[in-house]
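Enquirer: As they're listed, the protein sequences go chains A, B and C.
Just so you know, the UniProt record's numbering puts 122 at position 122 of the first sequence, and the rest follows in order with no gaps.
Just so you know, the UniProt record's numbering puts 257 at position 257 of the second sequence, and the rest follows in order with no gaps.
Just so you know, the UniProt record's numbering puts 90 at position 90 of the third sequence, and the rest follows in order with no gaps.
Honestly, the hints are just simulated from the structure, not real lab data.
You may find that some hints are simply not true.
[What the hints assert, rightly or not] Pairs of lysine-lysine, DSS-like flavour, derived with a Cα cap of 30 Å: (1) 110(B) / 89(B); (2) 124(B) / 110(B); (3) 13(A) / 301(B); (4) 404(B) / 361(B); (5) 13(A) / 89(B); (6) 524(B) / 502(B).
Next come the chains, spelled out residue by residue.
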Amino acid sequence: MLKSSTTWLLVAKRLGIALITLVIVSFAVFFATQLLPGDVAQILLGQAATPEAVAGLREAMGLNEPAILRFLHWLTGLATGDLGISYVNHMEISNLIAGRLANSLKLAGVVAALSTPVALCLGILASMWRGTLLDRTISILTIAVISVPEFMIATLAVLIFAVWLGWLPALSYGVDVDSLGAILRAYALPVITLSFVVSAQMIRMTRAAMIETINTPYVEMALLKGASRTRMVLVHALPNALGPIANAVALSLSYLVGGVIIVETVFNYPGVAKLMVDGVATRDLPLIQSCAMIFCFSYLSLTTLADMIAILSNPRLRR
Amino acid sequence: MTDAPLVSVRDFKVGATTDGGRKIDIIRGVSFDIAPGEILALIGESGSGKTTIALSLLGYTRPGCEMTGGTIRVGENDVTAMSETERCKLRGVEVSYVPQSAAAAFNPSKRIMDQVIEIALIHKLMPRAEAEEHARSLFRALALPEPDTIGNRYPHQVSGGQLQRLSAAMALIGDPKLVVFDEPTTALDVTTQIEVLKAFRSVLEKTNMSGVYVSHDLAVVAQIADRMIVLKNGEVQEEGTTEQILHAPAHPYTRELLAAFEPVQHTPIEARGRDVDHPLLEVIGLHAGYGRVENREPTIKVLEDVSFTLKPGRNLGVIGESGSGKSTLARAIAGILPAYRGSVLFEGHELAPDLQNRTKKQLQRAQIVFQLADTALNPAQSIGTILARPLTFYHGLRGAARDKRVNELLDMVHLPKSLRHRLPGELSGGQKQRINLARALAADPVLILCDEITSALDTVVAAAILELMRDLQNELNLSYMFISHDLSTVEAICDDVLVMYKGAVVEALPAARMSADAQHPYSKLLISSVPQLDPNWLTSLEQDPELVAAFSRR
Amino acid sequence: MTLPLRLSRARGTSAPRQRTYVFNWAGRIGLAIIVMWCAVAIIGQWFTPYPVGKIVDWNFFGPVSAKYWMGTDYLGRDIFSRVMMGARYTVGIALAAVTLACALGVILGMIAAVMGGWFDTIVSRLLDAFNGIPSLLFGLVVVAAVGSSIPVLILTLTAIYMPGSYRFARALAVNINTMDFVTVARARGEATPYLILREIFPNIVGSVLADLGLRFVFIVLVLSGLSFLGLGVQPPNADWGALVRENIEGLSYGAPAVIFPSLAIASLTISVNMFIDNLPTRIRDRSE
Numbered sequence: 001m002l003k004s005s006t007t008w009l010l011v012a013k014r015l016g017i018a019l020i021t022l023v024i025v026s027f028a029v030f031f032a033t034q035l036l037p038g039d040v041a042q043i044l045l046g047q048a049a050t051p052e053a054v055a056g057l058r059e060a061m062g063l064n065e066p067a068i069l070r071f072l073h074w075l076t077g078l079a080t081g082d083l084g085i086s087y088v089n090h091m092e093i094s095n096l097i098a099g100r101l102a103n104s105l106k107l108a109g110v111v112a113a114l115s116t117p118v119a120l121c122l123g124i125l126a127s128m129w130r131g132t133l134l135d136r137t138i139s140i141l142t143i144a145v146i147s148v149p150e151f152m153i154a155t156l157a158v159l160i161f162a163v164w165l166g167w168l169p170a171l172s173y174g175v176d177v178d179s180l181g182a183i184l185r186a187y188a189l190p191v192i193t194l195s196f197v198v199s200a201q202m203i204r205m206t207r208a209a210m211i212e213t214i215n216t217p218y219v220e221m222a223l224l225k226g227a228s229r230t231r232m233v234l235v236h237a238l239p240n241a242l243g244p245i246a247n248a249v250a251l252s253l254s255y256l257v258g259g260v261i262i263v264e265t266v267f268n269y270p271g272v273a274k275l276m277v278d279g280v281a282t283r284d285l286p287l288i289q290s291c292a293m294i295f296c297f298s299y300l301s302l303t304t305l306a307d308m309i310a311i312l313s314n315p316r317l318r319r
Numbered sequence: 001m002t003d004a005p006l007v008s009v010r011d012f013k014v015g016a017t018t019d020g021g022r023k024i025d026i027i028r029g030v031s032f033d034i035a036p037g038e039i040l041a042l043i044g045e046s047g048s049g050k051t052t053i054a055l056s057l058l059g060y061t062r063p064g065c066e067m068t069g070g071t072i073r074v075g076e077n078d079v080t081a082m083s084e085t086e087r088c089k090l091r092g093v094e095v096s097y098v099p100q101s102a103a104a105a106f107n108p109s110k111r112i113m114d115q116v117i118e119i120a121l122i123h124k125l126m127p128r129a130e131a132e133e134h135a136r137s138l139f140r141a142l143a144l145p146e147p148d149t150i151g152n153r154y155p156h157q158v159s160g161g162q163l164q165r166l167s168a169a170m171a172l173i174g175d176p177k178l179v180v181f182d183e184p185t186t187a188l189d190v191t192t193q194i195e196v197l198k199a200f201r202s203v204l205e206k207t208n209m210s211g212v213y214v215s216h217d218l219a220v221v222a223q224i225a226d227r228m229i230v231l232k233n234g235e236v237q238e239e240g241t242t243e244q245i246l247h248a249p250a251h252p253y254t255r256e257l258l259a260a261f262e263p264v265q266h267t268p269i270e271a272r273g274r275d276v277d278h279p280l281l282e283v284i285g286l287h288a289g290y291g292r293v294e295n296r297e298p299t300i301k302v303l304e305d306v307s308f309t310l311k312p313g314r315n316l317g318v319i320g321e322s323g324s325g326k327s328t329l330a331r332a333i334a335g336i337l338p339a340y341r342g343s344v345l346f347e348g349h350e351l352a353p354d355l356q357n358r359t360k361k362q363l364q365r366a367q368i369v370f371q372l373a374d375t376a377l378n379p380a381q382s383i384g385t386i387l388a389r390p391l392t393f394y395h396g397l398r399g400a401a402r403d404k405r406v407n408e409l410l411d412m413v414h415l416p417k418s419l420r421h422r423l424p425g426e427l428s429g430g431q432k433q434r435i436n437l438a439r440a441l442a443a444d445p446v447l448i449l450c451d452e453i454t455s456a457l458d459t460v461v462a463a464a465i466l467e468l469m470r471d472l473q474n475e476l477n478l479s480y481m482f483i484s485h486d487l488s489t490v491e492a493i494c495d496d497v498l499v500m501y502k503g504a505v506v507e508a509l510p511a512a513r514m515s516a517d518a519q520h521p522y523s524k525l526l527i528s529s530v531p532q533l534d535p536n537w538l539t540s541l542e543q544d545p546e547l548v549a550a551f552s553r554r
Numbered sequence: 001m002t003l004p005l006r007l008s009r010a011r012g013t014s015a016p017r018q019r020t021y022v023f024n025w026a027g028r029i030g031l032a033i034i035v036m037w038c039a040v041a042i043i044g045q046w047f048t049p050y051p052v053g054k055i056v057d058w059n060f061f062g063p064v065s066a067k068y069w070m071g072t073d074y075l076g077r078d079i080f081s082r083v084m085m086g087a088r089y090t091v092g093i094a095l096a097a098v099t100l101a102c103a104l105g106v107i108l109g110m111i112a113a114v115m116g117g118w119f120d121t122i123v124s125r126l127l128d129a130f131n132g133i134p135s136l137l138f139g140l141v142v143v144a145a146v147g148s149s150i151p152v153l154i155l156t157l158t159a160i161y162m163p164g165s166y167r168f169a170r171a172l173a174v175n176i177n178t179m180d181f182v183t184v185a186r187a188r189g190e191a192t193p194y195l196i197l198r199e200i201f202p203n204i205v206g207s208v209l210a211d212l213g214l215r216f217v218f219i220v221l222v223l224s225g226l227s228f229l230g231l232g233v234q235p236p237n238a239d240w241g242a243l244v245r246e247n248i249e250g251l252s253y254g255a256p257a258v259i260f261p262s263l264a265i266a267s268l269t270i271s272v273n274m275f276i277d278n279l280p281t282r283i284r285d286r287s288e
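Throw the hints in and build the complete structure from the sequences for me.
Expert: Take a look at the structure:
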């Protein structure tokens, strides 16, 4: 489909806003962590360090510079992959994060691949048979899942699958992962938990997007032309709801970011979120900052993507 | 068997559930027949149930409604007893539907051709190529431009009048026995309406299809229908041939409907005790528009160089079709949309373009009343509060004096005092519009700008509002600037008329001699396009096709 | 679930004068549970069967019994008493935060909608940027930086949910602001405060309250999440999320000490959702 220049202008504008937002967010993340009382150099060197050593380190770390300069240094560091050094174990943060990030992405990827098709089908089915028993059941279940904290879904899953049924181990790592079955079992609980959370969001939003389209006069017209319910929904409503649905998918996936923090903690899964929560416990600021930026970046990318889809699929802007 | 009616409806009832869960009847036992080849009109005002009945002929009820009794038979089919799957087979083949707003009824993401031939494909009536050929012949029959290629476009690429004709093609493709037209020209401008009506009629004359034509407009229906059924509150009031209904109506309600069509001639009032020679309102070279401002001019220009004068005690009508800028003119004068060039002189003083820079006195002397009473009254405030505010704001009235004045105002617009404790949502459309008017009167203005204030009302109610406005003018020495797309309304209340087209005034005319004095081709076209009650009006109407093409952007 | 109907055309008899709001059974149950938890939060502390911090039983993760209605926790404290106290923290903190967030958001939103121009642009941009931070993460960072205390929690949760409330109220107010009755008031010469207070606010208050309910649910969820991560209410006090965290070890035995606080959270959030979903459409209007 050809897009008019105004559409591309809107897309460019949205990208610009995302970029500005990213700068503001990084600003907030940087300065929120600067509020921490205490001297970083002192923390790094420990209580036994001589004042000269502390002063030397301060100089070396550029801590005497004004905050705004340090912010800019930190930002350029982020952009070039230099994430700084952990206060706690003095390792390169990029090294700490690398493996963990891969783990988190693996988890998120599996969840997205699993829940998207299921959620789309259920959402469309619910909208197609609106008001029926199927629709009500789906509605009640999704409301229930959305209304409870992620850790409760996780604990429920552990109770059912690990404690009562005994099918799966309660923790995902710490078991040997030498066979395919073992890997599946190790991943199963975190994936099930996250999938529930993300699917519930996605089902609700898909259903809402579909119903909005089904309520338009042209879909009613299709019915009056003698189209069956299935044809009405799949041929007339669905193509026009694709944009809103894609938007819903991207938005729902952004719930992964919050969900992953809880799920990794509950299941002791070695991902970025677990790393960050541990970092919060030890107050390892550079680590927290870097992890926070990773999360913010992925969250922002997904919401921006959702908005861009919404802009591109707006029929009023189509030429 | 040729005498057997094609459609017979017997004691048919539809019920609905309201927001509060209450069950109400919206169709209360309706019976009628339609003979093969006959066009039946369902006439009624909003809430009469005409569309509900029309949709029921296709075995369809809107969500929340259900058929609760009686039978509908179409051909061999007992529609009321059919299952949903059987009804699907009926729709499009036996009975088809032409919607009120074709613009909304076409799927925006599919090509027109695919939608027009969809019925043939769903019901496997003919192969695609044959269906497309049939569609093109229908396009020709409906006088659509470029019939061979118009189907390749998307709905937003053709005009409203064309879409409405395309929706007729969509309904006719399956060669149905009955076509239901649901107010198909209501959303169109009068000049466009003629083309569409002509096309519908010529197609219907060539075939032996029966039709149901739903409308609130007697004049439109008179051009097309053989027989009419007058509905009110879900019940049949009167049934008869077009001739009989128009010339010998039996039921009082029918007479009321017809009376609202009687042309009312406006008699100018005498401007008492005021300087009649100095204009009340003088507009000179007014320009207004929307959008981004470049070089002190907005990018989207709506009004261009509008000038006129209005003498005290006289009424000025502004007529034009959608997009002519007539509402913008009212907004620019009221200062809601500041004009970027030109000036407005009110009672001899120049008004600031933006209302924020006008004095309270200036604002008080000229009031504006909007079209939709639903949105013009704050749904969260009681009628008493709504009327009291201008009294306090402009005149500093409080307490008992204010209450007394509110009662007087209600009395002036012929509403009971008990209404003051009600919320706007509890009032009928006509009552709301009266309150809307009373609020303007509360300011004690000398000029009221009326923006299409009768357009959203049923004809009988609108006629009563006009009557009220005339009385008020005599009592209060007011002037109205009356904006409308409806010529007969303007004729009934105005002394002078401005004809607007594309943001400019093309002609100024005395209201009483509009059709006789009109010189400008657009004025002539507009005036001749207003449907008349005479059933032969459309047949005998002669319009220059080039003129039509030049002015009615289709 | 009733179909949202608009039957203004099907005018039957004239509308009844008194406005009664009819709730169906789901809405009533929801309301009853909400009221119950609010009552527990306010007066619960005088009715706890055992002192909240006291170790009453040698048996940790004890089962449900006549003596300990919800069992005992990892130290042998009475869970029923602790859940009652937890209601105070969970409901109290969430209510304070949601009230602050909505009050600020709605006021700013209405001003932005009516004023428009640069004020609207700047506030909207800033708060949208704030929305670009995942809520739980924001809580994590703040708590990591300044430590956790109840005022910090309330302010953090307020900061997280204020932009959403602003966005919602602004969108509603922008819609109302284009209505003719506001134009009429403006043409009358009314000042901005009158427009906001008398013309706009009464027309969005129903939707705002419904939105407040939904936002309350999210705040309860994030608060519980933070507490579950050990960053919310700090020991010896505990809200429901913290109770789950304390007793998570008992999960593998299926201990009631983990299950009941979780149920408490779920009952509160689900009933708020149930209540809001079943509000008469008139009140709920465009709240979704």
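Enquirer: If a hint holds in the structure, say so; if it does not, say that too.
Expert: Hints versus structure:
no., hint, in the structure
1, 110(B) / 89(B), "23 Å, holds"
2, 124(B) / 110(B), "20 Å, holds"
3, 13(A) / 301(B), "26 Å, holds"
4, 404(B) / 361(B), "23 Å, holds"
5, 13(A) / 89(B), "49 Å, violated"
6, 524(B) / 502(B), "16 Å, holds"
The structure does not agree with numbered hint 5 stated previously, though it agrees with all others.
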